Structures are given as C-alpha cells and as structure tokens.
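There are 2 protein chains.
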Amino acid sequence: MGSVEERPRGPGRPPRLSRAAVVDAAAAVVDRDGIDGLTMRRVAEELDSSPMALYRHVRDKDELLVALLDRLVERLPRPDLPEDPRDRILVAFGVIHDGLAASPWVVGLLAAGDLMAPSVAWLIEEIHAGLVACGLPAERAVAAYRALWQFTIGELTIRDAGARVIPRADRPAVQTTTRTEVDPEVFPTLAAVADHWAAARGRDTYTEDLAALLDGLIACAPSFAYRVRESR
Amino acid sequence: MGSVEERPRGPGRPPRLSRAAVVDAAAAVVDRDGIDGLTMRRVAEELDSSPMALYRHVRDKDELLVALLDRLVERLPRPDLPEDPRDRILVAFGVIHDGLAASPWVVGLLAAGDLMAPSVAWLIEEIHAGLVACGLPAERAVAAYRALWQFTIGELTIRDAGARVIPRADRPAVQTTTRTEVDPEVFPTLAAVADHWAAARGRDTYTEDLAALLDGLIACAPSFAYRVRESR
DNA sequence: ACCTGAACACCGTTCAAGT
DNA sequence: ACCTGAACACCGTTCAAGT
Numbered sequence: 001m002g003s004v005e006e007r008p009r010g011p012g013r014p015p016r017l018s019r020a021a022v023v024d025a026a027a028a029v030v031d032r033d034g035i036d037g038l039t040m041r042r043v044a045e046e047l048d049s050s051p052m053a054l055y056r057h058v059r060d061k062d063e064l065l066v067a068l069l070d071r072l073v074e075r076l077p078r079p080d081l082p083e084d085p086r087d088r089i090l091v092a093f094g095v096i097h098d099g100l101a102a103s104p105w106v107v108g109l110l111a112a113g114d115l116m117a118p119s120v121a122w123l124i125e126e127i128h129a130g131l132v133a134c135g136l137p138a139e140r141a142v143a144a145y146r147a148l149w150q151f152t153i154g155e156l157t158i159r160d161a162g163a164r165v166i167p168r169a170d171r172p173a174v175q176t177t178t179r180t181e182v183d184p185e186v187f188p189t190l191a192a193v194a195d196h197w198a199a200a201r202g203r204d205t206y207t208e209d210l211a212a213l214l215d216g217l218i219a220c221a222p223s224f225a226y227r228v229r230e231s232r
Numbered sequence: 001m002g003s004v005e006e007r008p009r010g011p012g013r014p015p016r017l018s019r020a021a022v023v024d025a026a027a028a029v030v031d032r033d034g035i036d037g038l039t040m041r042r043v044a045e046e047l048d049s050s051p052m053a054l055y056r057h058v059r060d061k062d063e064l065l066v067a068l069l070d071r072l073v074e075r076l077p078r079p080d081l082p083e084d085p086r087d088r089i090l091v092a093f094g095v096i097h098d099g100l101a102a103s104p105w106v107v108g109l110l111a112a113g114d115l116m117a118p119s120v121a122w123l124i125e126e127i128h129a130g131l132v133a134c135g136l137p138a139e140r141a142v143a144a145y146r147a148l149w150q151f152t153i154g155e156l157t158i159r160d161a162g163a164r165v166i167p168r169a170d171r172p173a174v175q176t177t178t179r180t181e182v183d184p185e186v187f188p189t190l191a192a193v194a195d196h197w198a199a200a201r202g203r204d205t206y207t208e209d210l211a212a213l214l215d216g217l218i219a220c221a222p223s224f225a226y227r228v229r230e231s232r
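In order, the protein sequence lines correspond to chains A and B. Using the numbering used here, the letters of the first sequence map in sequence onto residues 1 to 232. Using the numbering used here, the letters of the second sequence map in sequence onto residues 1 to 232.
Simulated from the structure, these hints should not be mistaken for lab results. Because the structure is a prediction, the values reported are computed rather than measured. All residues carry an ideal CB built from backbone N, CA and C; glycine is no exception. Keep in mind that the hints are not guaranteed to be accurate.
Distance windows between CB atoms, simulated [claimed, not checked]:
1) A:Ala21 with B:Trp122: 49 to 59 Å
2) B:Asp33 with A:Ala20: 34 to 44 Å
3) A:Asp60 with B:Pro82: 42 to 52 Å
One side of the interface only, derived from the structure: several residues of chain A facing chain B at Cβ under 8 Å [unchecked claim]:
4) Ala102
5) Val132
6) Val193
7) His196
Not close to chain B: a few residues of chain A, all C-beta gaps over 10 Å, as computed [unchecked claim]:
8) Asp24
9) Gly37
10) Lys61
11) Arg78
12) Val95
13) Ile96
14) Val142
15) Arg146
16) Phe151
17) Ile158
18) Leu190
19) Arg203
Sequences and hints are given; from them, build the entire structure.
Here it is, written out as structure tokens:
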C-alpha cells in the first residue's frame, strides 16, 4: 500500500528524513498555523531539522505545496456511487467538494491544474460517463464538466475567503454599503431582498446549485438572447 | 467628479504624496510586475519616495490592495442593459466578468467580500430585479444571485491560475496523467473524450455556461435525487 | 549521500528622528 | 504634518562545509 520508492542505497550518510515525512510535517504545520503559516523554516522545526534539509526531498516550496495537495486528494473517500447518472454526477462532485472544503487553502493550487491526479481519475471518469449517459455528446460533456468544475472552484474559493476574513471584520474587503443599509429609493430590489441576503449568507447550497447548473447544461441552454426551446 | 477629500490643512510640512497617488503607483507596479511583484518598497520606488511614506496614506498593504480593487471596480463600463430580464442579467454579469478578467489577480480579494462597492450597486440591483422579473421570489432570487456569483468567481479563478501557471510548464500542478494518455481499458469515457478536452481548454464559454446555470435556477432544479417536475 | 550553518537578497512594519 | 533612515523579525534559497 505504502509507496515503495526505495531510492538507490549507495554509500554515505543514511537518511534521517524522507519526502513523506517532510510532506506529513508540512500538513501538520498547515493544520496548526494555516496555509500562511507554512514556511520551510517551520516545517524544518517540526522535524527538528534545518531548513535546508528539506531541499534534499522537495525541489522548492512550490513542489511541497503540490505534494500536499496530492496527499489530500489521495485521501478522498471512495464511496459507491448511485446508479442514476444525474445522481452519480452530483455525488461524485460532492465527494470532491466536501473533501476539499475541509482544506479550502488548496483551491488556489487546484484551480491551476485539472485535478487529474491518478487517485481521482475514477471520479472524473464517472462524471464524464454520467454526462454522456444524460445524453450529452462528447464535446458537450467536456464543456459541461468544465462548467461544473468552475462552479465548484468558485464555491470553494468563496468559502475559503469567507473563513479567512473573519479575523478582520473591522475592514470589509470591498468598501461596502453593507447591503442592509441600502437606499430603497434608488435600489428598491436590493432593499426588498436585504433580509434574505443575511439569511442566505451561511447556508450550504452547493449540491442544489450544482444540480441547477447540471440541468441547465443538459437542457442545452441555447445561446444568449434566445429563449429555451425543445432540443432533442 | 474627483473625490473632494481635502484633509484638514493644519500647519506643518505640505504633503508630497496623496492616497490617490499611492494607489495609482501601486496599479502601475501591478501592471508592470504582476500582483506578486507588488511590494511596498517598489511602490515607494515608483514614487521616488521611501517605503514608510506610504503608511501615511494607507494603513497597511492589505488596505492598499482593497483600494486597488475599488479603483478597478469604479472603472467598470456602464453600458445600457437590454430590456429582457434574462438578457439583462447575463449582460450585467458580463460587464463584471469582463472587467475583472482583465485583472484576474483581484479574484482572491473579491471572493472575500460581496462586491457591493457603491459604484457597482446599480449592476447588482439590475441583476436582482432581473431575477425577480424572471419569476423568482425574493429568497430564491438571492440564492440565485449567490450561485451565479460563485460561478463567476470560479471562472475567474481558473482563468487567473491558468495564466499564472504558463511560465512553469515543467511541473504540472497536481501530478497529472496528462489526460491524453489515459488508459482506455480502465477509463473508457475519458479516453473517448480526450480530444475534445484539449480543444475546449482555450474556449471562453462563460456567458453560455452562466446562461445554463441561470436557466437551471429559474426552472428551480428540484433537490438532489429527484427528477425535474413542473413547479409553478 | 545526507544534513548543517552562515549568508544573501528580499519582505512588511515599528520606532525615533529630521524638516 | 509629512517624510526619512535605520532596524527588527521574518521569508525562500544558494553555497561551502561537515559527517
């Protein structure tokens, strides 16, 4: 089960650290101090070692971050998925979403790539198969996957930023007209809706909203400026 | 038009810098060196001044970033919006999206807040009014706005990360089975779809996908595990 | 082969002093 | 009132040396 990455055992000083130990230590630091607290120096401290020792096992800090992400993805649960293709898609994305939501700092890294780590390829396969089973031709299935992924990244990004901003409630991000104190004369709808806004702030509607997007994609929302019509 | 923020003109040394000058200089630095190149020291250099001079005009670097975001939002275009509520929503989001896509580094900041800067409140109002006009009750209109915003943030996040990653093509983000070299025996759908994936990489389908999400939300995608049925 | 220590080129920010 | 200069407590990383 454990990766059998025996390096060539030449002569010389025997290793005290290992790549896995470095990555585990980094994970411990992130859990304790957050992603901003992750520094090479602190990881070294965690290992009772010197900062430069890490560089024997990871190329640089960026590579350590990627290794951290891989570690997280490998640990995603592997539940059975429902039969129904639409449900299968939603559950598969749910697995990804929930697994990453617990460590939302990964989102920045994640967005760059495509999440095709070997350990999640089965989920991506299931999602694409589900999209095809829902009647989408290959090209549209790929486009749909992309849109669903974009939505997922957005939800996670906002979730992360929201959690991160709490300690600094004194200064809002964008200079804000707190949305509850909007002038009903000039912005009537915003004023009418203000109460619901506050209530919605906390709710987790990821799967519902993802389902809406999925249904819209399956129905093949016709291009802009035209109304929905029956297609296929 | 220009903000008339005359500070009390007491006795003492006359100001050489101003908050606006600092923010403009910061914008110039970001344009030249990217968001990672934005340092207090460089902004000071841009102004032929010392790093600490900036702290008379902005509280700290975070506040400078927020000011930079405000500057950007204020400069969004203010086009006329179409009559049709669905089109109005799509165009309004398009204005926001396109304006921010040109400076995708803002996304991280943006995600934290709610984009209720006074200068875009009119757009947010229009979007909410459009959603209500599409038949959504207040609560669902707010939920829909949130979902559309999440999707927008996701698209921008991925766009930014994709642009940012180019210089380091040597090391993929997540360890990747490049998706074109997937084993068709074990991942048949992925293999079948691989060509379309490469083709889709570059296409900008933001508005189309946003329209799909919007239509799904208007149709009120029923909760998970149930199929679409007629509601209202 | 693996690790250490000192050093370099950076950060944001505080603090005391100049004009 | 506004700006400067030196200094502090950090970074990631290079380089030469130890075992």
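How the hints compare with the structure:
no. : hint                              : in the structure
1   : A:Ala21 with B:Trp122: 49 to 59 Å : holds (55 Å)
2   : B:Asp33 with A:Ala20: 34 to 44 Å  : holds (37 Å)
3   : A:Asp60 with B:Pro82: 42 to 52 Å  : holds (50 Å)
4   : Ala102                            : violated (17 Å)
5   : Val132                            : holds (6 Å)
6   : Val193                            : holds (5 Å)
7   : His196                            : holds (4 Å)
8   : Asp24                             : holds (17 Å)
9   : Gly37                             : holds (17 Å)
10  : Lys61                             : holds (12 Å)
11  : Arg78                             : holds (15 Å)
12  : Val95                             : holds (14 Å)
13  : Ile96                             : holds (12 Å)
14  : Val142                            : violated (4 Å)
15  : Arg146                            : violated (6 Å)
16  : Phe151                            : violated (5 Å)
17  : Ile158                            : violated (5 Å)
18  : Leu190                            : violated (5 Å)
19  : Arg203                            : violated (8 Å)
Checked against the numbered hints given earlier, this structure breaks hints 4, 14, 15, 16, 17, 18 and 19; the rest are met.
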